[in-house]
Amino acid sequence: MSARHGIVGGKLGLVLTLARHEWLLRARRSSSLLILGLVIAASWLMIPDNTGEVTLFAVKDQRMLYDSHTLSVGGGMMGNLLFGLLGFFLVRGRTQQDLQHGAAALLATAPASAFGLLLSRWLGAVAFLMTLAGVDLLTVMLLQLMHGEAPLQLGPYLAMWLLGMGPPLLLCASVALLCDAWAPLMRRRGDLFFFACWVGQFAALPFTLEEGQHALRPLLALDLSGMSALALRLGQLTGTDSVSIGVSSFDPALGVGQLPEGVWSWPLVALRLASAGLALLPLLPALWLFHRYDPDRVRPAAAKTGSRWRTALVTAQQPLARLAGRLLPLCARVPGWPGQVLAHVCLALVGQPWALLALPLMMVLGLSLPLASLGPVVLVSTACWGVMVCGLGAQDHQVRTLALAAVAPGGPERRRLIPFASAALLGLLFHAPVLLRWGMQAPLQALALLSGLLLLSSLSALLGHWTAGSRTFLALFLFWLYAATQASIFPWLDLMGFNGRALPLTAGVYALVGLTSLGLLALRRGRA
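In this note's numbering, the protein residues as written are 1 to 528.
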């Protein structure tokens, strides 16, 4: 019996050791620190000063007291909105890293079982995300100490950390593990798959919330974000549907109310535990699909034929791919960095065949649709372009050509500017018809579009070079895109002008930030 317990204890110790290394590996990334800083800044910005004209929490137009119950629920829900998407991009991609750095062969022959390896990675990812969420709530607690109106209580924050933020972060880790275990979701398709799921949960919120209905139903466990269940529980406590969380206006004449205690009732706790159980379901197919770095399963076989629609898609883009390939020798004849930029553009188009079909389609729509319908065209064009260029700045890191870049004409400084120029040129191609028409009839929107292209192109190159990956920029880009479509009345979110709310001030500030990012990219020392 003692020998058996020793074996079990040894396996458990190995799993915990690997999980600790997973946590350390993610905690030391510059991208993790960057996103944590952005989430903390966003959390503080989304919690207005209680002396202003807007508030975090309003019930029937009455401002709620800034105590631990109000700030923990409001700050935790704002954190869920951010970490529920960005957390996935922070913890996925381990399989690609193992393959890129040569650790896959070692792990394939390691004594740890496949289950133990996956469990350690999942535990490390969960611990890392919960650490980030805890740091975010600590900053909200600091905010309460600075601007709060009641003594600090740890209980509401701890409950929000475990029950409110736990299930969506468990889902991030589980889906990230599934995407790393199954070859079809290992790359960009996995990122877009999770983004679609993240958007879908908010699209389903109106179906889970019924006016006048305050009962907590088992169906609410499917909302892993917890927003619908918390909204209904708050409705039970306040006796009204008029509960606003976020930047909300209020009537100062009504005075200051106080959120009743008892937010985390036993039915709500049971729902959140059920949501946590549902968040573990992606682990089951991950265990079954895990390839243990089998070369035949890491990537789909080249000879494997796809469905009819995919075959038709590949057939349709083949002439355009051949045209782009034939342009490469011509790019080599163009002297200096312009030839390198053109070559990067051609390689980006050949490497992502879907863009060869999207680019002419966006040009035709931009030329043919009426002026009032160009906003949605810019939105779709921006989405396609952003997904396409998010990895340009990290190419030298991923294919290990930094040493070649150092001896190329112009040195690494010029080499780092090539992804920016390539992204900007592709952006101009995607938006050229709209930019031309807006320039003649809507100059402010054209200015916003140009400043947005400058900012996003410079950020894609800077973040790609800084983090040696594409997911930091992609996560922030997708989050901004979703926020801009949901809050279309705010000028500061209208980065590309497709909402028609951009101002000269916003366009000028974004252009200045883009130039600053470009300067940081040019001055930054090369990474080894």
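FYI, nobody ran anything at the bench for these hints, they're computed from the structure.
The structure presented is a predicted model; accordingly, all values stated were derived computationally and were not measured.
Just so you know, not all the hints are guaranteed correct.
[As the list claims (entries may be wrong)] With a Cα cut of at most 25 Å, we get these calculated DMTMM-like pairs of lysine to aspartate or glutamate:
#, residue 1, residue 2
1, K60, D251
2, K60, D241
3, K60, E149
4, K60, D49
5, K11, D251
Do the hints match the structure? See the list:
Under the criterion of a C-alpha separation no larger than 25 Å, the hint pairing K60 with D251 is consistent with the structure, at around 9 Å. Between K60 and D241 the CA atoms are separated by roughly 8 Å; this keeps the pair inside 25 Å, and the hint holds. Using a Cα cut-off of 25 Å, the hinted pair K60 and E149 holds, with the two alpha carbons roughly 20 Å apart. Between K60 and D49, the direct Cα distance comes to roughly 19 Å. Compliance with the 25 Å bound is thereby established for this hinted pair.
Using a Cα cut-off of 25 Å, the hinted pair K11 and D251 is violated, with the two alpha carbons roughly 60 Å apart.
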